[in-house]
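Colleague: Sequence:
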Amino acid sequence: MGSPQAREWEQAMQEEISSLKENDTYELSTLPEGKASVGGKWVYTTKQDQNGIETFKARYVAKGYSQVKGIDYQETFAPTASITSIRVLMQLAVKHDRIVHQMDVKTAYLHAPITQELYIDQPQGFEEVSESGERLVYRLKKSLYGLKQSGRKWNILLHEHLANDGFVRNHADHCVYKKQVDDKIVIVIVWVDDLIIASDSMRLMEEFKESMKTQFKMKDLGRITFFLGMDFKQSKGEIKINQKRFILKILERFGMIDCKPRLTPCEQRLEFNCGELTNARQYREMIGSLIYAMTCTRPDLSWIVSRTGDLIAAKHVLRYLKGTVDYELCFKKSDADLQLTAYSDSDWASCLEDRRSTTGY
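Per the UniProt record's numbering, residue 1 is the first one in the sequence shown, and the count goes up by one each step.
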């Protein structure tokens, strides 16, 4: 390995192999006649925690694109939590004086049993052979990253554990769970292998954590501070969420970290441009980043992002974000009853060039 961080990457790879063995993910086997093995590859990433400390992660993933439906897998759907559910939970936590913590399930997919007979090539650099020198492969006993069904298998396993622990799944968002003991409540939001836990009882909070630790290998992160690119600040009577780090990251990504800020997200007289884009890929990347910021913490972008039709307009929004990078959502305690308010926005043939309409909610 020629990387300057070769030692760190080799350690990360060794940790991944150890995780595969600890979770009893596979057994070594010769490839049966008539069976095909799924390929695998190493994927390397770095990840920053809430303190900005970078860690090296190596994952051995299956080349799931080579799987055949009906033979290698059946169903693949697995739900993820709505960002709206996270914001609603923050408001409820403030109103009812609930503490909010987070946990992470380590190597989550490796816990989930797999039903199909699947064989995967051994990871490069860690190959083993039989005593007679025959080539061996992994016969999977548990799910592996990259397989089409792994997300679903993990979600089913986690749901079964939560249900057995007394949690009830929310009908509107299947990644929100609630457990009530007398007059105390624990609410859990699941985002794949990341959990947000809110409760007005520290005892129930700790009981839930211990229950998870008995079943899975967990990392307790304490009070929520950073989740899905959002920074959380908790204090008495309020919770604040911002995406300063995320916004600065996308400004740097698009070469606009030193751009001149704008006071508004668009020009006063905005002209809709429905023509061809000069750089369609960069435009898509910008819009995707803006949509995520809008969805999480920046409702002030809602109108303009839906109508940004060219790179110039998209860059204008990024300049606006540069000047408002410290904006945050603030949830404050109130004695008033909570009321849900819904807004709908649509138009008819607003684009002057092709008369396309806008619908949405």
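Honestly, the hints are just simulated from the structure, not real lab data. Every value quoted in this text rests on a predicted model; they were computed, and no experiment measured them. Where hints are given, some of them may not hold.
Unchecked claim - When the alpha-carbon atoms are kept at most 16 Å apart in a straight line, the in silico EDC-like pairs for lysine to aspartate or glutamate are as follows:
#1 K141 to D121
#2 K21 to E127
#3 K141 to D193
#4 K95 to E252
Stated by the list, open to error - Here are the in silico distance ranges between beta carbons for each label pair:
#5 Q180 to K249: 51 to 59 Å
#6 R307 to D200: 20 to 28 Å
#7 D200 to E128: 50 to 58 Å
#8 I156 to E27: 31 to 39 Å
#9 R203 to G133: 54 to 62 Å
#10 K332 to R245: 30 to 38 Å
#11 L338 to E22: 25 to 33 Å
#12 H161 to E27: 22 to 30 Å
#13 N170 to S344: 32 to 40 Å
#14 R203 to R281: 48 to 56 Å
Think of the CB as a built atom: it goes at the ideal place given N, C-alpha and C, for glycine as much as any other residue.
Colleague: Look at each hint and say if it fits the structure.
Modeller: Status of each hint after checking the structure:
Pair hint K141 plus D121 holds up; C-alpha atoms about 14 Å apart against a cutoff of 16 Å. Among the hinted pairs, K21 with E127 is consistent with the structure: their alpha-carbon atoms are about 14 Å apart, no more than 16 Å. About 20 Å separates the Cα atoms of K141 and D193, which puts this hinted pair outside 16 Å; it is violated. At roughly 37 Å between alpha-carbon atoms, K95 and E252 are farther apart than 16 Å, so this suggested pair is violated.
Separation of Q180 from K249 is about 39 Å and departs from the stated range, judged on CB atoms against 51 to 59 Å. Checked against the hint of 20 to 28 Å, the C-beta distance between R307 and D200 comes to roughly 42 Å, which is inconsistent with it. Checked against the given bound of 50 to 58 Å, the beta carbons of D200 and E128, roughly 52 Å apart, stay inside it. The given range of 31 to 39 Å is broken by I156 and E27, whose C-beta atoms sit roughly 22 Å from each other.
Judged by the Cβ atoms, the range 54 to 62 Å given for R203 and G133 holds: they are separated by roughly 58 Å. The hinted range of 30 to 38 Å is not satisfied by K332 and R245, whose Cβ atoms lie roughly 23 Å apart. Hint check: L338 to E22, Cβ distance near 45 Å, so the stated range 25 to 33 Å is violated. Look at H161 against E27: about 24 Å separates their beta carbons, and that is inside 22 to 30 Å.
N170 and S344 have their C-beta atoms about 23 Å apart, which leaves the hinted 32 to 40 Å range violated. Checked against the hint of 48 to 56 Å, the pair R203 and R281 passes, with Cβ atoms roughly 52 Å apart.
Of the numbered hints stated above, those contradicted by the structure are hints 3, 4, 5, 6, 8, 10, 11, 13, listed in ascending order.
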